[in-house]
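Chains as they are written, first to last, in the working numbering: chain A, 1 to 290; chain B, 1 to 348.
It should be emphasised that the hints constitute simulated quantities derived from the structure, not laboratory data. Given the structure is predicted, the values throughout are model-derived calculations rather than measurements. Among these hints, one or two may not hold up.
Computed list of lysine-lysine pairs in BS3-like fashion (alpha-carbon distance at most 30 Å, straight line) [to be verified]:
| id | chain 1 | residue 1 | chain 2 | residue 2 |
| --- | --- | --- | --- | --- |
| 1 | A | LYS260 | B | LYS159 |
| 2 | B | LYS176 | B | LYS159 |
| 3 | A | LYS115 | B | LYS159 |
Spelled out from the first residue to the last, the chains are:
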Amino acid sequence: MSEILSASISILFHGLAFAMVLYLISVGLSVTMGLMGFVNLAHGVFAMFGGYVVTSLMNDYGVPFPLALAAAVVVVGAASVVCERLLYRRLYGGAELDQVLMTIGLVFMAVASAKYFWGPLAQLFTPPDILSGQIELGSRDFPTYRSFLILCGSVLVTALWLGLDRTRFGAKIRAAVDNLRMAQAVGINTSGLFTLSFALGSGLAALGGGLGAEILPIYPGYPTDYLVDFLIVVSVGGLGSIRGPFFAALLLGISDTAFKYLLPELGSFFIYALTLALLMWRPRGLVGPS
Amino acid sequence: MSKNGMTEKETAAASTIGEAAKEAASRRMALFAQRHRFRPVEALPWIAAVAAFFVFPAYLALGAQILATILYALSLDLVLGYAGIVTLGHAAFFGTGAYAAGLMAAHGMGEPFAGLAVAALAAAVVGLISGSVILRANGLPLLMQTLMVATMLYELANKANSVTGGADGLQGMVVKPVFGHFRFDLYGRVAYLYCLGVLFVGWFIVRRIVHSPFGRSLTGIRENEARMHAIGTPVFRRRLIAYGISAALAGVAGALVAQTTQFVAVDALGFERSGNILIMLLLGGIGRLYGGFIGVPLYMIAQDQFAEIDPVYWYFWIGLLLVLVVIFARGGALGVAARLLQRRGGRP
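All chains should be built: construct the whole structure from the sequences, respecting the hints.
Below you can see the structure in the form of structure tokens.
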């Protein structure tokens, strides 16, 4: 009995840490897809470059971890504004297929550039001393870094939700997701809103990529290999929703960990089958309008 | 006075209107017939394909792959370009066909045409079953579900190592001679002609479909689904049938590749297989029937030439090209050509 309990605690723990990373990376994608109606398959690129910035700064220049994370958010956020202004903007309201193809093009370019600059191998990621090792909680030992991930994720999620609920910016985003034309009609600068929320989403992805480098290793195949996971979180969670993807990330993170632990042979197969079933049941996601 | 209370004059006028309407209808029919009459320019790809057989004897193995991939692109064009179903999982059908033909050949049933038939059937079954589940959706949910179906099949094939050989590939395929006579040779001569023949049949079928009333209704659904619903088109059933036919053709394409290379690995079901064909079709032009005939050879020949030197750069340039085509050259090569012709007053 205690073995089952212990196993489920560790599944929950690791699943939760994975879910936090997934959520941080994917929440921006949900906003892009819900707000701009843009099918952005290149979102993982921002997370990957965030991870590269963090690992390079830490490994090659000895920059402290928090500073490296901040740099990743700023650099990737700024780069995403350039992308949005130059490329994404042209395809707003355009055909889905064009969006899909353009972003696949961006993924190819990013993968090739990552291979060129950083080589094909995964980046070494060593958390700072204070966050490595084990920490005792209750009567058990937990990896410190993953505990930190859960804590960090919870704080960010709370901040994000409060921000969306309580600030003017959040209200504008909610308005534009609900009814874009009406939002424009009442004088909301939706063009600026798009750019800002795109940058915010990409910055969060970079943060997630950097924080999660221990769980999702940073290597050139990152944007394609994890794309399915990000898309699952967003489409199951509900487009344009901030809360939905959180529950979807919890579901995916915990069930993925559980399946890998209990049924390593067919684990991912069940995840995809579950996603398909969920999407058939609620095509607009768990939180979106049915 | 006639019985409807119309004067003679009015009746005459009405009948003239009726005549005019009839005439307009027959003109439309003539235009419709004209639109799908064979134009000389449509013989070009076939002349080029036959000429290539004699001009590039050293590249026939690659040529056979190109021809099979054109059939794959053609099957994608049917659902994507005509029925407007955006899919990221077409490799599900390509891979199913490849494995069906591969498994048959590996178990002593290597007759090539039987392999094609079973591959078409297997892929059509997968297409119809998955389609009946997912085709009610549209947009991103549909995109996701096509991706999920392909990823599930990929995982299955990957895990069923004892049957499929997983990433190492299926071992021991023996494909029998075509018509019991023409053995697949080292230079790919038989493979090339075999693929060419099958592609021709596939092209003929797709061409008939897209110019038929059924095909026109697919285009109608693509353009305005709600309106097609309103005029009584069984939208879901039409989309499902198109999806099934396309799946069968993709399966045949997969079987061709499996038979001519005598090899199937799990990447036949992979995301790259779904993505690359989209790119090739985009480069040629989507929804124009001949997009694949231009995009596939361009892509595969360039890949053959450049990717050997450096596959990393190759993907960078393909990505850049993709972004540029989407933003500046809508409609791919054929779209640009059509616009140029139109500007010069020619027929598109």
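So, going through the hints one by one against the coordinates:
no., hint, result
1, A/LYS260 <-> B/LYS159, "holds (14 Å)"
2, B/LYS176 <-> B/LYS159, "holds (29 Å)"
3, A/LYS115 <-> B/LYS159, "holds (29 Å)"
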